[in-house]
Amino acid sequence: MTTELEEQFYETDRARLVRWLPWLHMFRAFRIALDARKLLLAAAALLLISGGGRLIDSAPFSPMSRGEESAAGANWPWQKPLIVTDSEAPLLAGAATDPALLLKDAVSHTSLVVSPFRDILDPGSELFRIGNRWSDVAYAWTRLLWALAIWALFGGAIARLAALQFADSRDVGLRAAVNYSAQRFLSYFSAPLLPLVFIAFFWLLCLLVGLVARIPAVGEIVAGVLWFVPLLCGLAISIIVLCVAAGWPLMISTVSVEGSDSFDGLSRSYDYLLHRPLYALWLVLLAMVYGSLVLFFAVGVVQFATHTAVWAAAAGGGVDRIAALSGAVDASESVRLGDTSFTARTVFAMWTQLIAVLLWALVYSFFWSSAVIVYTLLRKSLDATPLTHVYVPRSKSDGDSLPLVGVPAAETREAAEATQDGAEVSSGAETPAGSESSESSKPPGESE
0 MTTELEEQFY ETDRARLVRW LPWLHMFRAF RIALDARKLL LAAAALLLIS GGGRLIDSAP
60 FSPMSRGEES AAGANWPWQK PLIVTDSEAP LLAGAATDPA LLLKDAVSHT SLVVSPFRDI
120 LDPGSELFRI GNRWSDVAYA WTRLLWALAI WALFGGAIAR LAALQFADSR DVGLRAAVNY
180 SAQRFLSYFS APLLPLVFIA FFWLLCLLVG LVARIPAVGE IVAGVLWFVP LLCGLAISII
240 VLCVAAGWPL MISTVSVEGS DSFDGLSRSY DYLLHRPLYA LWLVLLAMVY GSLVLFFAVG
300 VVQFATHTAV WAAAAGGGVD RIAALSGAVD ASESVRLGDT SFTARTVFAM WTQLIAVLLW
360 ALVYSFFWSS AVIVYTLLRK SLDATPLTHV YVPRSKSDGD SLPLVGVPAA ETREAAEATQ
420 DGAEVSSGAE TPAGSESSES SKPPGESE
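Position one of the sequence shown corresponds to residue 0 (numbering that gives the first Met the number 0), numbered consecutively onward.
No wet-lab data here; the hints were simulated from the structure. Careful: at least some of the hints might be erroneous.
Cβ-Cβ distance ranges computed for the label pairs, FRET-style [stated by the list, open to error]:
1. Pro80 with Gly315: 38 to 44 Å
2. Thr384 with Phe26: 18 to 24 Å
3. Pro21 with Ile354: 32 to 38 Å
4. Ile198 with Leu33: 35 to 41 Å
5. Gln78 with His306: 18 to 24 Å
6. Ala199 with Leu33: 50 to 56 Å
We put the beta carbon where it would ideally sit given N, CA and C, even for glycine.
Build out the structure end to end from the sequences listed, making use of the hints.
Take a look at the structure:
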């Protein structure tokens, strides 16, 4: 009597819960975002966005050239408010006094999680402002294209790193991720711009109705009769713009995960949003609430660390001196102290600015990491594609390729043995003829 041995597969409770509720993978976003490579890429992108904004403000078509206030938001990252708290140690103070109020405050910064959208939405909304001058349109387009170009390169690299890390696949270095996004730069950059063809078509229809209104006597009446055309065109443009704005992170994620082109990124983002709108909304809301919580915690830890550093250093250097150097007091107060130099305060300020840049980089890293997870969850929900499926280009060198195992390895080995046996048979069949010819070629004196 033979007993068939079967290997038992045990599924942990955690794995079973995640399989039943796949959206729990969203809670991996913060751990994935805490990566030095992603933070470095996000920090570089933020500095380029701000630096490019200042250059655009100096252009002849910018509002500042006309003496108006700039709408570019070209402040450096350390000049933008992140999370403002009343306490120098908000985590300890809130946990000790009112934990419920602390939790409410922690989840109330959801707008911070989606703040990367402002790099695209702010100049994009300027394009739809009524009464724009051509200089305003040129200014808005320049800002929009600059932001799209920066995030096509750096956002694509961050999303690529996040996709490989989320899928537990082969990890790549910083240079490989940047090379990946650079090679597919046009796909990243052009994906949100493809719908412009349809927007331009509907805009021209509205333009024609507006031109009809210029006809003397009957033009306004005819335009009123045809007013349903601009209304329908406006509805179509609104749907297209909303889908592009909401699907832009998914387009970047598509190219990073699938290694495809801009058309695939556009079609997948539209398809997933239109077929799974409630699931997509739930994932976005979950990312916003969770992101607000963890980012509030990160900012609180940094604020407490900064306060602790000033408190400890003040024991040796004096409260007034350390407070003035670290920027804990106003500039007027530091000048009145008279014992702090401008150079020293500048060096101290550089460290503070570096911390602010890294905190904003964490926000953007969390944004792109969450976008990748949202994309993979929507793809699994609609296409039943495994979460671990990520495009990995095949290496050109044989040493980088994985060895064959199982049936493919056996077939390859059998084919090699068959080829070797055939070569031996053919060489053995030629031996008698060769020996016979050699014997016939002997001189007569050497033959028996």
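Name the hints, by number, that the structure is in violation of. The structure conflicts with hints 1 and 6, although it agrees with all the remaining ones.
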